Amino acid sequence: MPSTTHDEDGLTEAQLQFFADNGFVGPFPLYAPEAAVERWNRAKIEMVLSKNKPHHSTVINYDRHLDCNTLSEHVTRREIVAKLRALMGADILCWKTNIFPKYPGDAGTGWHQVETFAAAQHARTPVPALAYTEASRHLAAELTVWTAFTPARREHGCLSFLPGTHKQWYYDESRPMTTTVETKRNDFFGYDYSELKIDDDWDPDRQACFHMEMEAGQFVIFSSKCVHGSLPNTTPDQTRLGFASRYVAPSVKVYDGVTRLSEFGDEISLDYHGCVLVAGEDHYRHNRLHQQNLNGYPFPKAF
Amino acid sequence: MVDAEGIQELCRFINAQDHLANVRLEDLEGASRREQLGITSLGVIMLVANYMEAHGVSHAGFNPDWVNKLDSIEGIISVFRDIRRDNAATP
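Chains A and B are the protein sequences, given in the same order. Those letters in the first sequence? Residues 7 to 309, by my numbering. Those letters in the second sequence? Residues -7 to 83, by my numbering.
A hint or two may mislead.
No farther apart than 16 Å at their CA atoms in a straight line, the calculated lysine to aspartate or glutamate pairs in the EDC-like style are these [as the list claims (entries may be wrong)]:
| id | chain 1 | residue 1 | chain 2 | residue 2 |
| --- | --- | --- | --- | --- |
| 1 | B | LYS61 | A | GLU44 |
| 2 | A | LYS231 | A | ASP178 |
| 3 | A | LYS307 | A | ASP288 |
| 4 | B | LYS61 | A | ASP243 |
| 5 | B | LYS61 | A | GLU40 |
Per the computed footprint, the stretches of chain B lying under chain A, defined by three or more beta-carbons under 8 Å from a beta-carbon of chain A, are [to be verified]:
| id | segment |
| --- | --- |
| 6 | 31 to 43 |
| 7 | 46 to 56 |
So the derived label-pair ranges between C-beta atoms look like this [as the list claims (entries may be wrong)]:
| id | chain 1 | residue 1 | chain 2 | residue 2 | range |
| --- | --- | --- | --- | --- | --- |
| 8 | B | HIS47 | A | GLN297 | 35 to 43 Å |
| 9 | A | TYR303 | B | ASN7 | 35 to 43 Å |
| 10 | B | ALA23 | A | PRO107 | 42 to 50 Å |
| 11 | B | GLY48 | A | TRP175 | 57 to 65 Å |
| 12 | A | GLU19 | B | HIS11 | 50 to 58 Å |
| 13 | B | GLU66 | A | HIS62 | 26 to 34 Å |
| 14 | A | TYR278 | B | ARG73 | 34 to 42 Å |
| 15 | A | THR240 | B | ARG4 | 44 to 52 Å |
| 16 | B | ARG73 | A | PRO242 | 21 to 29 Å |
| 17 | A | TRP175 | B | GLU66 | 46 to 54 Å |
| 18 | A | ASP15 | B | ASN7 | 51 to 59 Å |
| 19 | B | ALA8 | A | TYR290 | 21 to 29 Å |
| 20 | A | ASP15 | B | ASN14 | 51 to 59 Å |
Note that these hints are calculated values from the structure, not bench results. It should be emphasised that the depicted structure is a prediction, and the values quoted were computed from it without experimental measurement. Just so you know, even glycine gets a beta-carbon here, dropped at the ideal spot from N, CA and C.
Start from the sequences, fold in the hints, and give me the full structure.
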């Protein structure tokens, strides 16, 4: 559901209903296209020159909002948080960010569906990153905001959703993935996510699909439980750059008892990790909070 | 137009970097994009940052607009030229 709103007033009733029905809503404008590109260039410079990297993995590109002021500001943007509040309530933590480049010629990302963000460790029982301690009174307790910092149309490898699939489990994320990908159609960062299908007869490619084409500077909000993936980048020379910022209600325990992450053939310590309170209050105190990033830049609180 | 002096300067500077593999001048002359030399998008930013440092230009002066030019060899050479000009303009 495209939106033309430029305000900071959250979501309309129709947009809320669209999310409830489909599991995603957007795209929404955030930055002008040129400003988005300029902002990402600035973020790249900050990341490369950072003296306070949260970890030193070049494979696991998580959480650079913790040492990159431009991204620290981004995850707390009022335009984003206002819409999150409409979906998940007044109290919101940003718990993770990921960078998703898709280079010319890169394959699409296979269909997947998650809720606990269990780490994909080869052939081992995945360790959940999130533990939900209570049922949410709102439409969601976990949301991802995916911002396009470059054009993300079909040819660049835009995000795709299977509308309405957030209402049911089609994959079991608690099972280990054992096989490396054989067909690019199922590629989930080197693993075959289709291995986790609950019903072998269910074919995601035969479901109604929504291709979320976006311009640079737009963002979309979705529940990670909504089955999603992305198309291949078929352009000869245009990299698609998406930045995912992930949010939970403070009742959710983040990395509870998890001290290290082992993914994509690399491993990092989570000693650096903390959540950012982007709106409201944290009455639960389950999670360590960062009031400022690792450079000392204070996180602005949107609400 | 080929900037022979710029290519030589780039070759010399790449080969002085610990984070980049050495390149031969003829390879550089035959390349149009940094990927052909195995230089990543992050590696080229570090290259430019180091060039700024070598010319006494603060990293704070790293112009985000430069990043768009850094995919091509010609663009990198033009950014190096800008840095030398900035350095020359500094009193």
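Taking the hints in turn, this is what the structure says about them:
Between the alpha carbons of LYS61(B) and GLU44(A) the distance comes to roughly 12 Å, so the proposed pair stays at or under 16 Å and holds. Taking the CA atoms of LYS231(A) and ASP178(A), the gap is about 11 Å. The hint holds against a cut of 16 Å. About 13 Å separates the Cα atoms of LYS307(A) and ASP288(A), which keeps this hinted pair within 16 Å; it holds. Our distance criterion of 16 Å between C-alpha atoms is met by LYS61(B) and ASP243(A), whose separation comes to about 14 Å.
This hinted pair checks out: LYS61(B) and GLU40(A) have alpha carbons roughly 15 Å apart, not beyond 16 Å. With 5 residues bearing a CB less than 8 Å from a CB of chain A, the segment 31 to 43 of chain B meets the requirement of three and the coverage assertion stands. Only residues whose beta carbon comes within less than 8 Å of a beta carbon in chain A count, and the segment 46 to 56 of chain B has 3; three or more means the coverage holds. Distance hint check for HIS47(B) and GLN297(A): the Cβ-Cβ separation is about 38 Å, which falls inside the suggested range of 35 to 43 Å.
Distance hint for TYR303(A) and ASN7(B): a CB-CB separation of about 36 Å, consistent with the stated range 35 to 43 Å. For ALA23(B) paired with PRO107(A), a C-beta distance near 22 Å fails the hint of 42 to 50 Å. Range check, GLY48(B) to TRP175(A): about 59 Å between beta-carbon atoms, so the 57 to 65 Å window is met. For GLU19(A) and HIS11(B), the Cβ-Cβ distance of about 53 Å falls inside the hinted range of 50 to 58 Å, so the restraint holds.
In this structure, GLU66(B) and HIS62(A) meet the distance hint of 26 to 34 Å, their C-beta atoms being roughly 33 Å apart. The supplied range of 34 to 42 Å is met by TYR278(A) and ARG73(B), whose beta-carbon atoms lie about 39 Å from each other. Remark: the range hint 44 to 52 Å for THR240(A) to ARG4(B) is contradicted by a beta-carbon distance near 38 Å. In this structure the supplied range 21 to 29 Å holds for ARG73(B) paired with PRO242(A), their Cβ-Cβ distance being about 28 Å.
For TRP175(A) and GLU66(B), the Cβ-Cβ distance of about 52 Å falls inside the hinted range of 46 to 54 Å, so the restraint holds. Between ASP15(A) and ASN7(B) the beta carbon distance is about 56 Å. The supplied range of 51 to 59 Å therefore holds. Checked against the hint of 21 to 29 Å, the C-beta distance between ALA8(B) and TYR290(A) comes to roughly 53 Å, which is inconsistent with it. Checking the proposed 51 to 59 Å range against ASP15(A) and ASN14(B) shows it holds: the Cβ atoms sit about 57 Å from each other.
Hint compliance for this structure: hints 10, 15 and 19 are not met, and every other hint is.
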